[in-house]
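Protein chains: 2
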Amino acid sequence: MDSNEDRLIARYFKPIARHPGALRLNDDAAVMTPPPRHDLVVTVDAIVSGVHFFPDDPPASIARKALRVNLSDLAAKGAKPVGFLLTLSLPKGIGDRWLKAFAKGLGSDARAYGCSLLGGDTVHTPGPLSVSISAFGTVPTGKMVRRDRAAAGDSVVVTGTIGDAALGLQLRRRPALAARWRLNPAMRRHLTGRYLVPEPRNAMANAVHRYASAAMDVSDGLAGDLGKLCRASGVAAHVEVDRVPLSKAARVAISSRSQLLETALTGGDDYEIVATVPAEKVRAFRAAAKAAGVALTQIGTVVAGRGARFIDANGRELTFDRASFSHF
Amino acid sequence: MDSNEDRLIARYFKPIARHPGALRLNDDAAVMTPPPRHDLVVTVDAIVSGVHFFPDDPPASIARKALRVNLSDLAAKGAKPVGFLLTLSLPKGIGDRWLKAFAKGLGSDARAYGCSLLGGDTVHTPGPLSVSISAFGTVPTGKMVRRDRAAAGDSVVVTGTIGDAALGLQLRRRPALAARWRLNPAMRRHLTGRYLVPEPRNAMANAVHRYASAAMDVSDGLAGDLGKLCRASGVAAHVEVDRVPLSKAARVAISSRSQLLETALTGGDDYEIVATVPAEKVRAFRAAAKAAGVALTQIGTVVAGRGARFIDANGRELTFDRASFSHF
Chain A
1047 MDSNEDRLIA
1057 RYFKPIARHP
1067 GALRLNDDAA
1077 VMTPPPRHDL
1087 VVTVDAIVSG
1097 VHFFPDDPPA
1107 SIARKALRVN
1117 LSDLAAKGAK
1127 PVGFLLTLSL
1137 PKGIGDRWLK
1147 AFAKGLGSDA
1157 RAYGCSLLGG
1167 DTVHTPGPLS
1177 VSISAFGTVP
1187 TGKMVRRDRA
1197 AAGDSVVVTG
1207 TIGDAALGLQ
1217 LRRRPALAAR
1227 WRLNPAMRRH
1237 LTGRYLVPEP
1247 RNAMANAVHR
1257 YASAAMDVSD
1267 GLAGDLGKLC
1277 RASGVAAHVE
1287 VDRVPLSKAA
1297 RVAISSRSQL
1307 LETALTGGDD
1317 YEIVATVPAE
1327 KVRAFRAAAK
1337 AAGVALTQIG
1347 TVVAGRGARF
1357 IDANGRELTF
1367 DRASFSHF
Chain B
1047 MDSNEDRLIA
1057 RYFKPIARHP
1067 GALRLNDDAA
1077 VMTPPPRHDL
1087 VVTVDAIVSG
1097 VHFFPDDPPA
1107 SIARKALRVN
1117 LSDLAAKGAK
1127 PVGFLLTLSL
1137 PKGIGDRWLK
1147 AFAKGLGSDA
1157 RAYGCSLLGG
1167 DTVHTPGPLS
1177 VSISAFGTVP
1187 TGKMVRRDRA
1197 AAGDSVVVTG
1207 TIGDAALGLQ
1217 LRRRPALAAR
1227 WRLNPAMRRH
1237 LTGRYLVPEP
1247 RNAMANAVHR
1257 YASAAMDVSD
1267 GLAGDLGKLC
1277 RASGVAAHVE
1287 VDRVPLSKAA
1297 RVAISSRSQL
1307 LETALTGGDD
1317 YEIVATVPAE
1327 KVRAFRAAAK
1337 AAGVALTQIG
1347 TVVAGRGARF
1357 IDANGRELTF
1367 DRASFSHF
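Top to bottom, those sequences are chains A and B.
Residues 1047 to 1374 in this note's numbering are what the first sequence lists, from first letter to last.
Residues 1047 to 1374 in this note's numbering are what the second sequence lists, from first letter to last.
Treat the hints with care, as some may be off.
Any copy, or any two copies together, can satisfy a pair, since identical chains are not distinguished.
Unchecked claim - The calculated BS3-like cross-link candidates involving lysine-lysine, where the alpha carbons are at most 27 angstroms apart (straight line), are:
no., residue 1, residue 2
1, K1138, K1336
2, K1274, K1138
3, K1189, K1138
4, K1060, K1274
5, K1060, K1336
6, K1327, K1294
7, K1294, K1336
8, K1150, K1060
9, K1294, K1189
To be clear, the hints were calculated from the coordinates, so they are not data collected in a lab.
It should be emphasised that the depicted structure is a prediction, and the values quoted were computed from it without experimental measurement.
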């Protein structure tokens, strides 16, 4: 983008590039040195206007979502955030006001999570606005928590609550649903807020690498993501659906429309952590979550076999697909 | 992208993710460990269809360009490539054949340059196809070569030849120019080929961090990029235009249309390295370039002052702007 890009970078992004290795964004690359006896964990996630967020979402929220979906990956891998690279694809008509608000949101999260802007590329696009972020974190050598190490006998735990963002997305699309679901305004705001800006569980990173045998963040729905973890580990998980943690708002919505349970379990955008924890470490993991102020719920158990099974209060297995939700 | 993404990743991208830390793309993040006493150098560049490449460019060329523009940044910083993260934004209608060819081009360059695919994100977009790559390299601690360390008395050197890609872009847009510029088919192919797929100078990385005081890759035109390096370093550069290395094809084109000299000096997409080298190290730098098989040309000198000045054979300074090229 040349001189205009230089101007934008100087005005809005240099102030948030506080890592010394970012060289105040005056160079073509950034430099960083992971601490001795640590590995670097790297991840990338992109969000596209009209696909992963709404074009009229506040620019600060778009920025924060773009960073937080990556922070969530680092948290689930047990890694401490260090910094990130930003690719910002801008359509015509994005002005200074938008960029200023975007940079402000990005900068405030960068500070809050200790994850500095290290560099970036700003390109023009005839398409929708999109944001791709590559984020870097550190873990003690060999301690990155993978998907493929769950073992029979481990407990299955999740942080926070599940399904809020998926319900929030539906409310964002059709605000009239709030009344049908019997939500009060605070509940509606809770659900739409969880879609707009996730709450990544970086406070749990140390506990994850100390105690979890396997973990991943819940981005594509608990059912599908736990299924992936089971496949990677060559195990099965039995989940008691009644134990899956739901917010008050989600419980009210589901009690009005029972089919929303499937939405909650499969809808995605939770950005919670699902982890498997060996039995002897569950107590320590719980204590660490409590100390971090993060709700933690045991929802099931890892067993021999294949796939994640969701069992309701009557002992029946739920099956999911995109179109329908049914009992056997 | 869910299950379809999983299928695409498995089929085309897993085979090129050879770094053990890529975990065969089966996880949410990758892990890598820079060698002891080394810094990590990180950079990101994106290319957008219709902006940085043509929609009908061969998919393998698009992949190679996307990776190579990043490899070029690593080379200019003196860093050895390690790996990269890929964000692929795909419009509808991109099929398996396109992806297969793209992955093949990407994989062949990843192997050739020792820069493995570590992870990625594939998203759908209603906009044009775009590719963003974050690339990682290593340098001995403290040795990343910056833009802002050029000093008066240093020599200004460039690798390869300048201007080919900018002329190639014009030819790509208006093939009829080839005849007007008196180019034979081989010359035309040389220029368009240089635009289609750059030749990053990674073979020079060790020499750059050993001998250069400052360096950057030439992506936005030699005149502008050397100007940036001078501004960052607080110095001036005097460049003798007649010494700027041109390919035979570029020389023929410029001798037909003298105004193409400005295109060559300002047009960009060269992906050569411009470096400043202290006088006592020039001989060693030349020898290293020769050993690496990379042409190296001294084009000027760093002096006190501000800005990059391009002086013609008659001792007159050239001035450039987007519209015109003129002598004082």
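Now for the hints, and whether the structure bears them out:
1. Neither within a single protomer nor between protomers do K1138 and K1336 lie at most 27 angstroms apart by alpha-carbon distance, with minima of 47 angstroms and 46 angstroms respectively.
2. Taking the closest pair of Cα atoms, K1274 and K1138 come within 27 angstroms of each other only across two copies (26 angstroms); inside a single copy the shortest separation is 39 angstroms, beyond that limit.
3. Within a single copy, K1189 and K1138 get their C-alpha atoms no closer than 44 angstroms, and across copies no closer than 39 angstroms, so neither meets the 27 angstroms cut-off.
4. In this assembly of identical chains, K1060 and K1274 lie within 27 angstroms of each other by CA distance solely across copies; the values are 16 angstroms between and 39 angstroms within a copy.
5. With identical chains, the CA atoms of K1060 and K1336 are never at most 27 angstroms apart, being 37 angstroms at best within one copy and 39 angstroms at best between copies.
6. Taking the closest pair of Cα atoms, K1327 and K1294 never come within 27 angstroms of each other, the shortest separation being 29 angstroms inside a single copy and 70 angstroms across copies.
7. Taking identical chains as interchangeable, the C-alpha atoms of K1294 and K1336 lie at most 27 angstroms apart only when both belong to the same chain, with a minimum of 20 angstroms there against 70 angstroms between chains.
8. With identical chains, the CA atoms of K1150 and K1060 are at most 27 angstroms apart within one copy only, with a shortest distance of 11 angstroms there and 37 angstroms across copies.
9. For a Cα distance limit of 27 angstroms, the shortest separation of K1294 from K1189 qualifies neither inside one copy, at 36 angstroms, nor across copies, at 55 angstroms.
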